[in-house]
Amino acid sequence: MKLRSGCLLLGLLMLGPIAAAAQSPEAPLSSLFLGNMDAFRPTAGNWHIVGGVAADLNTTHEIRTSEGTGILVNIPSEAARDNLFFDWEHGDIQLEFEFMMPKESNSGIYLQGRYEIQMLDSWGKQRPSFSDVGGIYQRWDSERPEGRQGYQGHAPRMNTARAPGLWQRFQIRFQAPRFDDAGRKTANARMVEVKHNGVVIHQNVELTGPTRGSSFSDERPTGPLMIQGDHGPVAIRNIRYALRLPAPDADPAPPRVGAILVEPAGEPVLIRAFMNHGDRKKTHTIAVGNSRGVHYSMDQRQGSLMHIWKGGFIETTDMWHSRGQHQLAKPIGSVITLDGEPTVARLASASAPWPDTMGVDYTFDGYELDAEGHPSFLYRLGDVTVSDRVLPESGGKRLFRELTLRGDSDLQDYWVRVASGTSIKTLGDGGFGIDDDSYHVMLHHMGDAEAVVRSVDGGSDLLVPLSFADGEAAVRYTLVW
Amino acid sequence: MATRSRVLGLAWLVVALAADPIGAQVPAAESDYYKISTLPLPEGVVLEVGGMDVLPDGQLAVSTRRGEVWLIKNPSMTGGVRPHFQRFAHGLHEALGLAYRDGAIYSTQRGELTRLLDTNGDGRADRYETVCSWPLEGNYHEYSYGPLIRPDGTMIVTLNLGWVGYGASLSKWRGWMLEITPDGEMTPMATGMRSPAGFGFDIEGEVFYGENQGDWIGSGYITHVERGDFVGHPEGLRWTGEPGSPLTLKQEDVPDTGRPMVEVAPDIPGLKPPAVWLPHTLMGVSTSDILADTTAGGFGPFAGQVFVGDQGQSRVMRVFLEKVNGVYQGAAFPFREGFSSGVLRMVWGKDSSMFVGMTSRGWGSTGQSPYGLQRLEWTGLMPFEIKTIEARPDGFELSFTKPVDPETATDLSSYHVTGFTYQYHSTYGSPIINRETAAVRGVKVSDDGMSARIAVDGLRKGYIHELMMTSLRSAAGEPLLHDAAYYTLNEIPSGPSMVFEAGPAGAPPAAELAPVRPAVTQAKRLTTMPKTWTKGPDATITIGTEPGLRFDLPAFDVQAGSRLKLVFDNDDDMMHNLLVVKPGTADRVGDQAIALGLDGPEQNYVPELGEVLFHTALLEPGIVEAIYFTVPLEPGEYTYICSFPGHAFTMRGTMRVVRP
Ligand SMILES: [Cu+2]
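Protein chains in written order, with this note's numbering: chain A, 1 to 481; chain B, 1001 to 1660.
Note that these hints are calculated values from the structure, not bench results.
Wrong hints could be hidden among the right ones.
Incomplete in silico selection of chain A near chain B, CB under 8 Å [claimed, not checked]:
hint: 1; residue: Gly209
hint: 2; residue: Ile271
hint: 3; residue: His284
hint: 4; residue: Trp320
hint: 5; residue: Gly324
hint: 6; residue: Gln325
hint: 7; residue: His326
hint: 8; residue: Gln327
hint: 9; residue: Asp365
hint: 10; residue: Tyr367
hint: 11; residue: Glu368
Given the structure is predicted, the values throughout are model-derived calculations rather than measurements.
Yeah, the Cβ is synthetic: ideal placement off N, Cα and C, and Gly gets one too.
Let the hints inform the model, and build the full structure from the sequences given.
Written as structure tokens, this is what we have:
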């Protein structure tokens, strides 16, 4: 119970629901130059520098590129499928990068060329194993009995994989093995922490030796980073690193409180709570989780989606343990933060700015649960009544949102905003890439209504105009990430 | 009803067999008259009770902090059968109130009043309708309670202040009582609330709310609330300029003088003082629910009175209310303690038993369970209690549940009356102030022995009057089950005074009146560093708090004979102190602190015992105090405790004195 009067401040400073607990200061990271291939050892030609990449949900092992610099891409062939070695060696390292997996592709990052964290298209997999993205690949001993040759793999704590064609992120803290003067190993290598898409998936995992596919059979104080190139295409960008780890806390207090986690087992689970949205604490929110592992949260004051995420559902320790200082519910999985602004609005003109909050003509009426327990949120904006529901789709790979709006047939100037962001890219067939492929939206067929992408105040909106000719309008779309 | 008569029958049998009523040999206990039983919870159900109501068919509906609503069938466990728990709803935001009406369950969440409907008849809510919603700032202390439903369907809701080192109304209508129609039309009704967790109707249908000690609130109390009232905490007044406010009073109209509320009230239009004070630690420490006894005798001899819960001390108190000169006032009595967790909610079962819903949720409570559900039944035996106390022009009239023994009842020394009050100020809590003994001048006992009228000198309007009657006996020789009562004398009725009986029991001479106590000095509390410590202390230890009545430092080592600066940082949101006591004496010191009674606050709840070595003052929230002392030479495990009543059991740590 420290800083009672300062707790509000602390709550506001926490950077969104995926922010980790405070750690010792980060070492500053250097960016690896990706204007050319100078940072790497030569390969058979399957690795290149490009300026843009794209992959889609349907085409296996296909990655499309465009000229330029800044992105490292591997397009292997029968003739050229080399692994990529960095041109320098490392011991302890902090390493971050973004990567994009085409459908069903496979790669991996080998610390010191020896210890692999898997990169795989594991999108939507319900129970990830060591061989899924983020897994620490197993070791291999062919001398062992059949079926037991692989051992000591570590599955990620949860599957936080994004869809093929979206950028994902690793943040790795690796501690090299230690050796005495005689060259005998005195401490095993260790994955101090691995985050995937912002979520901690490993902490303090000890590595007793090189994992399967290591380029070296021995262990050494240093070795080169290696990216696997022989299993499929992959794109990588924004590589940043520091060749040391932040100093550990000299005298850490042992944790005293176990986490209170809410995980839906059967029907959907609703939690109404305070939640952070970006740097703002929202007070009237509803998080909805389901056993498919794909979740969302809603701001009932704006009739808006705030977050969508996969992985675990909600941690409520901060609400339910003892008095609960911040009273925040925190998504456990990897979160896409949406704008949290009204979904439905009446605009004076097609170029009028989108309102960031609902006005006095907005009323939230509650929700009803369907037979399976999925809520439909009910609200009113002026003369329009809205029923708004979000359902898991494709076995938990994505979310489907359906807004059903009712109003008099002469109502005009009402719009639904499907997405907003710094950039919105048209992908064709009703698909849109939001914020440089952070996530995709697929608009379902809407009759005559034409979706509009517009730029306002440096941002982009994806809008659908509403027609109440039949007394009812509907907007349906799928969120893919 | 079958259960009721069976219990009664059994009780009569017991009385008939025992030549001497209970209590003649063995001291009577509350449990002889009111029995607590526990409803076993299904494994995994975290029933931190927030709200409760009984449905027309006898099912008990319970809402919880974690946002669930449970329907409990067979809550009285008739036939020794387990109660059955069915989850009716989930996902509510801290549902701290619940009420049933016309087929719907209403519950107040932090940010709204909600109607829960089961439209398909499967015993689970499928519509969660927002009746009325209000803003929140996001502070943990912004609790919302209710509804209490009036006969016409209007719902009453209260909104707790936030806590930012003081009670703060951070969003509109925080600190208010609101009325909401079933259509969702909201009207602000009254303000001045700080922590209005409990409110209910008295037997006449008037609204009373319970308040918790804090800033501006010297001690807990219950207050009669009518439209337009200002009941004490000024924070909610920041919204009186808003449309719909029935008050125009402003925060700056409330002077922060530290004088008693009774002295300040005439200058603050609309300020309504408490109907009945519940003196802090003597009656309770955190007022919760209010429940009028509508059982018409099914629950015992107190029909028409109100029961008031207390979370921190896991007890239920009893209040007798009367109206004098148009103002509510009355007496508070202890009633039943020993519940398993913090008492938050009470409702009547259909068999006139009281269901008690509990949670301690980080504030700690005398009952050590974090939550629970218990049932309180009258055993059918009659306790010897003061049933009522009514004000008279020159004293009080007491009625009893059993005839009194004429000898002790006519002895003036059986009655001790002490007046006192609290400061009304922005500081957290208050000491007991202006404490004076009021001399008992005469007594007249009714012919049937069921009542006694006492004449008292020095009644003070607006003051709390402690009536202590330890030596009074029933005709059967029993002492009172509870020998203390606290009467809040807002008004003194007019009418004839009683005529004193002459004789040996006449008025004592004035010289025998208790003197005003000198200011307390406490030598074991040194808050400035001794000048002889030229090199400063050898060591500095800082101790803070954790929620749930705990220090944040469970133990520390210190060298025998060294000079220690011990800093106690009360970073909690309630009052605490810190005492260093001799090894093995923590329990005794804690008990003696409780026994200080009215002397407790001004002595910082530090009993005058050799076992107490060093101590801080009683610190209000946010206050830091350093004390300086030389560590004992004798090595050993010394204990430090908070001796605030009810805290010592969990709020303790170990100072290990080691040889240098
Ligand atoms: Cu304490």
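Now for the hints, and whether the structure bears them out:
no., hint, verdict
1, Gly209, "41 Å, violated"
2, Ile271, "6 Å, holds"
3, His284, "5 Å, holds"
4, Trp320, "6 Å, holds"
5, Gly324, "6 Å, holds"
6, Gln325, "6 Å, holds"
7, His326, "7 Å, holds"
8, Gln327, "5 Å, holds"
9, Asp365, "6 Å, holds"
10, Tyr367, "5 Å, holds"
11, Glu368, "5 Å, holds"
Checked against the numbered hints listed earlier, the structure breaks hint 1 alone; every other hint is satisfied.
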